[in-house]
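Novice: Can you build the whole structure from these sequences, using the hints too?
Residue numbers (my numbering), protein chains in the order written: chain A, 1 to 334; chain B, 1001 to 1223; chain C, 2001 to 2327.
Keep in mind that the hints were calculated from the coordinates and are not lab data. Even glycine gets a Cβ: it sits at the ideal position worked out from N, Cα and C. Don't take each hint at face value.
Capping the alpha-carbon separation at 16 Å, the derived lysine to aspartate or glutamate pairs in EDC-like fashion look like this [claimed, not checked]: (1) C/K2168 with A/E223; (2) C/K2243 with C/E2106; (3) C/K2214 with C/E2198; (4) C/K2186 with C/E2198; (5) C/K2186 with A/E223; (6) C/K2205 with C/D2215.
Label-pair ranges, simulated between beta-carbon atoms [claimed, not checked]: (7) B/A1007 with C/K2084: 40 to 48 Å; (8) B/E1034 with A/P292: 35 to 43 Å; (9) A/P119 with C/D2255: 39 to 47 Å.
Some chain C residues well away from chain A (every beta-carbon gap over 12 Å; in silico) [claimed, not checked]: (10) G2115; (11) S2138; (12) G2139; (13) K2168; (14) P2169; (15) L2196; (16) V2240; (17) E2319; (18) T2323.
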Amino acid sequence: MQSLQAKEQQVRQGSNSLLDSLGGFLDAAFQVLSTYSATIVAGVLVLMTVVLVAGSSPVFRRFGFIGFITGVNWNPVIGKEAFGALPYILGTLVTSAIAITIGVPISLGIAIFLSEMSPWAVRGPVSQLIELLAAVPSVIYGLWGLFVFRFWVRDWIETPLSTYVGSLPVFSGSPFGLDVLTAGLILAIMIIPTVSSVSREVMLAVPNSQREAAYSLGATRWEAVRIGVLNYSRSGIFGATILGLGRAVGETMAVTMVIGNAIGPAAIPTSLLKASQTLGSLIGNEFNEADPTSLHPAALIGLGLILFIFALLINVLAQLLVWKVLKVKRGSVE
Amino acid sequence: MFGLCVACVALAVVPLASILVEVVLNGAPALSPEFLTSGPGVIGEAGGGIGNAIQGTLILMGLSSLIGIPTGVMAGIYLAEFGDVVFVGHSFLTHVNSFLSSSLRFLNNVLTQFPSIVVGILAYTTIVVALGSFSTIAGAIALSIIMLPIVTRTTEESIKLVPGSIRDAAAALGIRKWRDSKRSAKHLEERSRHGCLACHGTDHRGDGALDSDGSGKQRVLPM
Amino acid sequence: MEASPATIRLCETTGLGSRSCADHHSPHPQHYSQTGHQGKIWHDEVTNVTVELLIEKLKPENEKRVEPASQGEPMGPFKIRAEKLNAWFGQNHVLKDISIGFRENEVTAIIGPSGCGKSTLIRCLNRMHELVPGARTSGSVFLDGAEIYSKHVDAVQVRRTVGMVFQKPNPFPTMSVYDNVAAGLKLNGMRNQRKLDEAVLNSLKKAALWDEVKDDLDKSGVSLSGGQQQRLCIARALAVEPKVILMDEPCSALDPIATAKIEELIASLKEQYTVVIVTHNMQQAARVSDRTAFLYLGQVIEYGETTHLFENPAQELTERYVTGKFG
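Specialist: Pasting the structure below:
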């Protein structure tokens, strides 16, 4: 046990113990290691780009970039190859559009409920319940969609639609249940936790003075939410929507099981009641069986590249929007 | 208006309830010790089970956690501790460091919840093709890539919750940065165990498409 | 005239309820005499309450203290008054049995140390206090004789009639200057574009902001300077044509020049509106107000003409506060 004086002297002279210099080395090593770990993310993105571009180049060389994107046929047989991504791009867009149209208003309603309208006691349990939706694996969503939900959609939505407005092209076709509509609706359910929790955070970040300003002008509760909160958090809510869109575009497993698996021109979603295909679902379906000697894998990787570009653009946009809004709140907390 | 919002909540809860009910009601009768431990039976005959699937899931979870969690935690510590450097001395390195950390954080957030099928393609073309066959390690690496951004982000946010005063006190006592980070990270991980474990758990959910690329050998659809 | 059972006595000079007047401990030269009073009486039809305004029997030496005008006061000089008002934040009893009246077309300042309940008091006047979770009130507030806390009265209506300007300017950031001022009008259902234009023009002129923004009404509300934003908020409040304007430390976030402009504005507003301003800046209260109330720990300690309160306060506590001995 060193005396106090000896300790003091040691500190003054600067410690020259082995442990201390080892500590200094460990400090530097730690910093390097953690920096390196953080850069892995960048490395993954770069690697992804390289792999996707390299892997799909055979099919682009053969059909051209524009040709691949606008083509509608899909024939993997060697000798008669035709690869066109258009039906699947459209399928992805339509299912995502349905997901956003249905899912975002519901999520907003939930977010408003949780941030503005519910009594304090209820908020915790209800928000946990909504978060539980995110905990369900997408495979389970797919199974449930296949065995339960599609019958609900078929009986309660598609049959009436077909009976009453079936003459409209967008609702034509016989109601079967495994189609774009069901896939879109399941995606809507899946994006609810994401969109509602981000929207809620954004709404909670609105300063109370905004609500007070609205109330002082004689606003009812809903009017105060509308002009005091929703207006203010517009860009953040938009960012949350884009985040949800990103999730919807990338979702593979659940969609594969309920979209009906059409190929080629038959997959173009001309009607909501038609079976179709998305980029992700086709890749998931065909990748394992694709003949490595043919152009098929390259074509699938080409689809993957298109999906990658979509997801990248969407996620970057979402980050820019949501960060701008939440930065203020975080800044004030820190 | 209030009613409309409550209706929205109800609309979200109904599928959840239905899923839980259907899964439990239809699945529970099938559960038995034999079912949980034996491998797949002969097609067409009764018997067999999901033993190998459970085994595969556990192995994949363990392996991917082993790869992904330490990396993610380290990355999160970097972003939280060394990232937001105050411009002391206006040296070139501090500028680079700050720019680096904000761009890494941005990229990290972009990669969160990225389409898992694309990650699957990545794992396939790099690992499976290189090794010549499907394998567990390919699946594990793919899963860890998916897990990485979430672990990083949660770790970073948990650490940022430590009040600056504790870190200042540690610095004043002369505790080395790595030790202090580890210590504060440990304290926080205890406090935010909920957060880290939660993100660990969420990463293992249905990335079935991914695994059909990576670990075909076992043909599992992990939970 | 016989006083009905529900009779409230208000001391003319202090504006305080008779009971709290009697609770004062210091010898108050202007206390009304218990025996015999010369009272002005009026009867609120709506609430069925008789209010008796008591004018003190003048002692010769105090003659100069009483405004001659008060002798010929019209019936019911109080535009808005609180009666036995209590307010709580959860268990915290913030306002204790306050009875106070604010006169029409006058600026009344409320001063007092931090935490004494000034903001809570004015928030009770336009029913904003009850918006805070866990907050409640008891007692009454009468606006032009009508009880605003009655079950038949919609709080939304009250807030249109009693407007408020807050400490930190809070224009709606996603709206233009025009839209900010028109916000309250649109809430009330006004749709006619011409009428909206007219109302916006008038409000901006009354708020002394028109000249500075007339060239570009479409620019964002938050692109203005702090003082201009606060005037924008005042214009927004004026647009709905309230009868009373409450101001919660409107200048505390502003620089001296902007403050001076707003004080000028307040002086011009009192011709048309009744203004109640909360301020912790005593000099501002002295500059701007006709009457001042001194609040301490949730009770009105003194209420009187501003010059009297500051130069020759009746209460010792008031004197200690205005001379800066505490607060």
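Novice: The structure should be examined with respect to each hint, and the outcome stated for every one.
Specialist: Taking the hints in turn, this is what the structure says about them:
no.	hint	result
1	C/K2168 with A/E223	violated, 22 Å
2	C/K2243 with C/E2106	holds, 12 Å
3	C/K2214 with C/E2198	holds, 13 Å
4	C/K2186 with C/E2198	holds, 13 Å
5	C/K2186 with A/E223	holds, 11 Å
6	C/K2205 with C/D2215	holds, 13 Å
7	B/A1007 with C/K2084: 40 to 48 Å	holds, 43 Å
8	B/E1034 with A/P292: 35 to 43 Å	holds, 39 Å
9	A/P119 with C/D2255: 39 to 47 Å	holds, 42 Å
10	G2115	holds, 19 Å
11	S2138	holds, 21 Å
12	G2139	holds, 21 Å
13	K2168	violated, 6 Å
14	P2169	violated, 9 Å
15	L2196	holds, 14 Å
16	V2240	violated, 6 Å
17	E2319	holds, 35 Å
18	T2323	holds, 34 Å
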